[in-house]
Amino acid sequence: MFGPYLQAVRQAHPLIHCITNYVTANDCANILLAAGASPIMADAPEEAAEITSRSRGLTLNLGTLHAGRVPAMLAAGRQANAMGVPVVFDPVGAGASAFRAGAARQLLAGVRFAVIRGNLSEIRALAGLDGCPHGVDAGDRITPQTLEASLELAAALARRTGAVTAVTGEIDLVTDGTAAFCIRNGHPMMRSVTGTGCQLSCLTAAFAAASPARPLEAAAAAVCTMGLCGEIAYARLTPADGPAAYRDRILDAVYRLTPARLEEGARYELR
Amino acid sequence: MFGPYLQAVRQAHPLIHCITNYVTANDCANILLAAGASPIMADAPEEAAEITSRSRGLTLNLGTLHAGRVPAMLAAGRQANAMGVPVVFDPVGAGASAFRAGAARQLLAGVRFAVIRGNLSEIRALAGLDGCPHGVDAGDRITPQTLEASLELAAALARRTGAVTAVTGEIDLVTDGTAAFCIRNGHPMMRSVTGTGCQLSCLTAAFAAASPARPLEAAAAAVCTMGLCGEIAYARLTPADGPAAYRDRILDAVYRLTPARLEEGARYELR
Amino acid sequence: MFGPYLQAVRQAHPLIHCITNYVTANDCANILLAAGASPIMADAPEEAAEITSRSRGLTLNLGTLHAGRVPAMLAAGRQANAMGVPVVFDPVGAGASAFRAGAARQLLAGVRFAVIRGNLSEIRALAGLDGCPHGVDAGDRITPQTLEASLELAAALARRTGAVTAVTGEIDLVTDGTAAFCIRNGHPMMRSVTGTGCQLSCLTAAFAAASPARPLEAAAAAVCTMGLCGEIAYARLTPADGPAAYRDRILDAVYRLTPARLEEGARYELR
Numbered sequence: 020m021f022g023p024y025l026q027a028v029r030q031a032h033p034l035i036h037c038i039t040n041y042v043t044a045n046d047c048a049n050i051l052l053a054a055g056a057s058p059i060m061a062d063a064p065e066e067a068a069e070i071t072s073r074s075r076g077l078t079l080n081l082g083t084l085h086a087g088r089v090p091a092m093l094a095a096g097r098q099a100n101a102m103g104v105p106v107v108f109d110p111v112g113a114g115a116s117a118f119r120a121g122a123a124r125q126l127l128a129g130v131r132f133a134v135i136r137g138n139l140s141e142i143r144a145l146a147g148l149d150g151c152p153h154g155v156d157a158g159d160r161i162t163p164q165t166l167e168a169s170l171e172l173a174a175a176l177a178r179r180t181g182a183v184t185a186v187t188g189e190i191d192l193v194t195d196g197t198a199a200f201c202i203r204n205g206h207p208m209m210r211s212v213t214g215t216g217c218q219l220s221c222l223t224a225a226f227a228a229a230s231p232a233r234p235l236e237a238a239a240a241a242v243c244t245m246g247l248c249g250e251i252a253y254a255r256l257t258p259a260d261g262p263a264a265y266r267d268r269i270l271d272a273v274y275r276l277t278p279a280r281l282e283e284g285a286r287y288e289l290r
Numbered sequence: 020m021f022g023p024y025l026q027a028v029r030q031a032h033p034l035i036h037c038i039t040n041y042v043t044a045n046d047c048a049n050i051l052l053a054a055g056a057s058p059i060m061a062d063a064p065e066e067a068a069e070i071t072s073r074s075r076g077l078t079l080n081l082g083t084l085h086a087g088r089v090p091a092m093l094a095a096g097r098q099a100n101a102m103g104v105p106v107v108f109d110p111v112g113a114g115a116s117a118f119r120a121g122a123a124r125q126l127l128a129g130v131r132f133a134v135i136r137g138n139l140s141e142i143r144a145l146a147g148l149d150g151c152p153h154g155v156d157a158g159d160r161i162t163p164q165t166l167e168a169s170l171e172l173a174a175a176l177a178r179r180t181g182a183v184t185a186v187t188g189e190i191d192l193v194t195d196g197t198a199a200f201c202i203r204n205g206h207p208m209m210r211s212v213t214g215t216g217c218q219l220s221c222l223t224a225a226f227a228a229a230s231p232a233r234p235l236e237a238a239a240a241a242v243c244t245m246g247l248c249g250e251i252a253y254a255r256l257t258p259a260d261g262p263a264a265y266r267d268r269i270l271d272a273v274y275r276l277t278p279a280r281l282e283e284g285a286r287y288e289l290r
Numbered sequence: 020m021f022g023p024y025l026q027a028v029r030q031a032h033p034l035i036h037c038i039t040n041y042v043t044a045n046d047c048a049n050i051l052l053a054a055g056a057s058p059i060m061a062d063a064p065e066e067a068a069e070i071t072s073r074s075r076g077l078t079l080n081l082g083t084l085h086a087g088r089v090p091a092m093l094a095a096g097r098q099a100n101a102m103g104v105p106v107v108f109d110p111v112g113a114g115a116s117a118f119r120a121g122a123a124r125q126l127l128a129g130v131r132f133a134v135i136r137g138n139l140s141e142i143r144a145l146a147g148l149d150g151c152p153h154g155v156d157a158g159d160r161i162t163p164q165t166l167e168a169s170l171e172l173a174a175a176l177a178r179r180t181g182a183v184t185a186v187t188g189e190i191d192l193v194t195d196g197t198a199a200f201c202i203r204n205g206h207p208m209m210r211s212v213t214g215t216g217c218q219l220s221c222l223t224a225a226f227a228a229a230s231p232a233r234p235l236e237a238a239a240a241a242v243c244t245m246g247l248c249g250e251i252a253y254a255r256l257t258p259a260d261g262p263a264a265y266r267d268r269i270l271d272a273v274y275r276l277t278p279a280r281l282e283e284g285a286r287y288e289l290r
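Residue numbers (the numbering used here), protein chains in the order written: chain Y, 20 to 290; chain C, 20 to 290; chain H, 20 to 290.
Chain Y with its partners taken away, still in its complex shape (with noise of 0.2 Å):
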């Protein structure tokens, strides 16, 4: 069911502003065109919101967070709000410290987001952080233990922002708060490479902008499509390749990727 949305991006090209972190914004850019998206950085607040007003969706990104990229974040936020525009908002850190925890609830509070996505341990913290009962002890990954209370904790993220929350990880859980999509694509070695996490949150808001009204199909679809992708590029490994030529291989993969190949390759249960 996944196919139409890659199929989606490579039609609209959608022009994706990003304010994130300057350690991976170079895989970020370079991920987007691969998919067939095209990407803006710029995180001044004297422009923000004027460069999400050409845009077509809009992703913020606590890593290496700064206090003026808050007040852009916010501005870029209220135009895409405005403009009906898909935002995908990445927590990183958000547990890791006060200063990015303030950031992520005034964001929070400022913006309706179209796509929450984490790891569990972010998720929770912005779960925390929204008050959201969290009573359940989900560990810190996601594993076939932990699915259940991860689910749980997803959803009513999900119900309380109004936003498709993600949780990405071994497995990982995509849910509107009603339904939920549970993805097995992946493979462990993306762990061993920077800002996957952060490509696939601009990922994400590449295919919810081509396809604005399905967010968690679209976000279902995007986390797919960087898993197998990941599967995809660790079958060409050599035994003396590691992370660096992995990087390259999975961005490579996403150029390769086709609607065809997405549908076929894409393992998940619709609960």
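It is worth saying that the hints were derived from the structure and are not from the lab.
None of these values were measured; they are calculated from a predicted model.
Beta carbons: idealized from backbone N, C-alpha and C, even for Gly.
Be careful, since some hints might not be right.
If you want the ones that stay clear, here's a sample from chain H, every Cβ over 10 Å from chain C, calculated [what the hints assert, rightly or not]:
| no. | residue |
| --- | --- |
| 1 | Q26 |
| 2 | L34 |
| 3 | T165 |
Label pairs and their in silico Cβ distance ranges [said to hold, decoys possible]:
| no. | chain 1 | residue 1 | chain 2 | residue 2 | range |
| --- | --- | --- | --- | --- | --- |
| 4 | Y | H32 | C | R73 | 41 to 47 Å |
| 5 | Y | A279 | H | P90 | 52 to 58 Å |
| 6 | C | R286 | Y | A232 | 43 to 49 Å |
| 7 | H | A86 | Y | P207 | 38 to 44 Å |
| 8 | H | T197 | C | S72 | 36 to 42 Å |
| 9 | C | R73 | Y | Q125 | 37 to 43 Å |
| 10 | C | P163 | H | E250 | 46 to 52 Å |
| 11 | Y | A128 | C | A198 | 55 to 61 Å |
| 12 | H | R124 | C | A232 | 39 to 45 Å |
Model the placement of chains C and H on the given structure of chain Y, informed by the hints.
Below, chains C and H alone, put in the same frame as chain Y:
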């Protein structure tokens, strides 16, 4: 005729000061090293002029522009002008926001550029800021159909600013307002790699730094180098490769390019 | 003797807080992951100390220095000192501007470093700031001819600061002011890749974090690891490959390096 310009970079090892965006700064540093130059990235107003004072060339790039970077660019540009060191301007997204347009206007007013390099919409935005008459519709990309109008636009900007103007796209134009090189190297897949334009601007600064008396030929040699390396790199790709492999192959082709091969592979006409 | 130091990194998975430049931050994050450590990049003064408080090691790097980053570095460094967590200082361009020299002076005064790593001109600049007598002309690069003078300079800085000092170049020296390792791993082509020094500083922080009681041996092990991986990677290059392929191969060699191979390939003498 361009072989000696590459040779000059290899012999002079010019130190190039780059005030540039954080998305492609790594690629810019690496392409300068690959060409035989040395990069120094520094964008704090406190040190910009001093860093320029130790350099043989300067690039100013508007990507991920911040307010603090504008005074740094002005100070560095003035220092370079005082020393007679060439300055290359890359007006990334000059038309995308009032903030960037304002910065571009300040830079055009305060700094004398040796070369301005951008795509057609960036060059048109600059020309508009600068009050150039451009009553021609050059379209958004240089194609055989828009070639004459694009050349007229570039030549008008060159005459007005005194800077060699390079407009890059499917066809590249490099003009000082009188003579013009029309260059047909390159490959369409270069558009799938972020930062090839930023890299070319840095490469242009290296070529201009090594041949400061001949900015027109130096800029055209840099444009041919980048395009030819795009062709050489493309020929090395396998069917599973994509833009990540391509990005690396382009950089490696720059490293391996000999003056003789540049002579042989450069495809241009002087108009 | 260095195998166990690599093994310790692989077992401890230390989280390393990096306050570093935006040019090579991605490579720094990836090399930490490749070695078995985890990176966290954060340079806002609002969160620097808190991020350090969750980390096992800290790197401070002067590249693309901004005024706001200095208080962040000081706060993070003091936090690390209070916790007894090793801090590595990479004085990128310390001699290139008064701004960087001033920041270096503040950091040397305010933070106790476990290791200082730089090239010869950076180490000389630091030694000068710090009032070390260096009435020797060690030249700009460590060669067999300048070896003794370079060692004297490094040892004087080490004794003065209490930090293990690593001077890297054609030959690498690592000294605590008393004992010294003279290391002959590496390949000249590493100079054609931007950021190998920054990466080595981060790697050094990971090694020091995993073996905090032995900073001299940990730093020397990191230097051997980087140099040996430069040799292994070089052996994998084809005639068409250049620095982009080389950069990736180095990182992949770090990922694949075993303690046994490090034992076998390390080339050093203890003086």
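Hints not upheld, ascending by number: none
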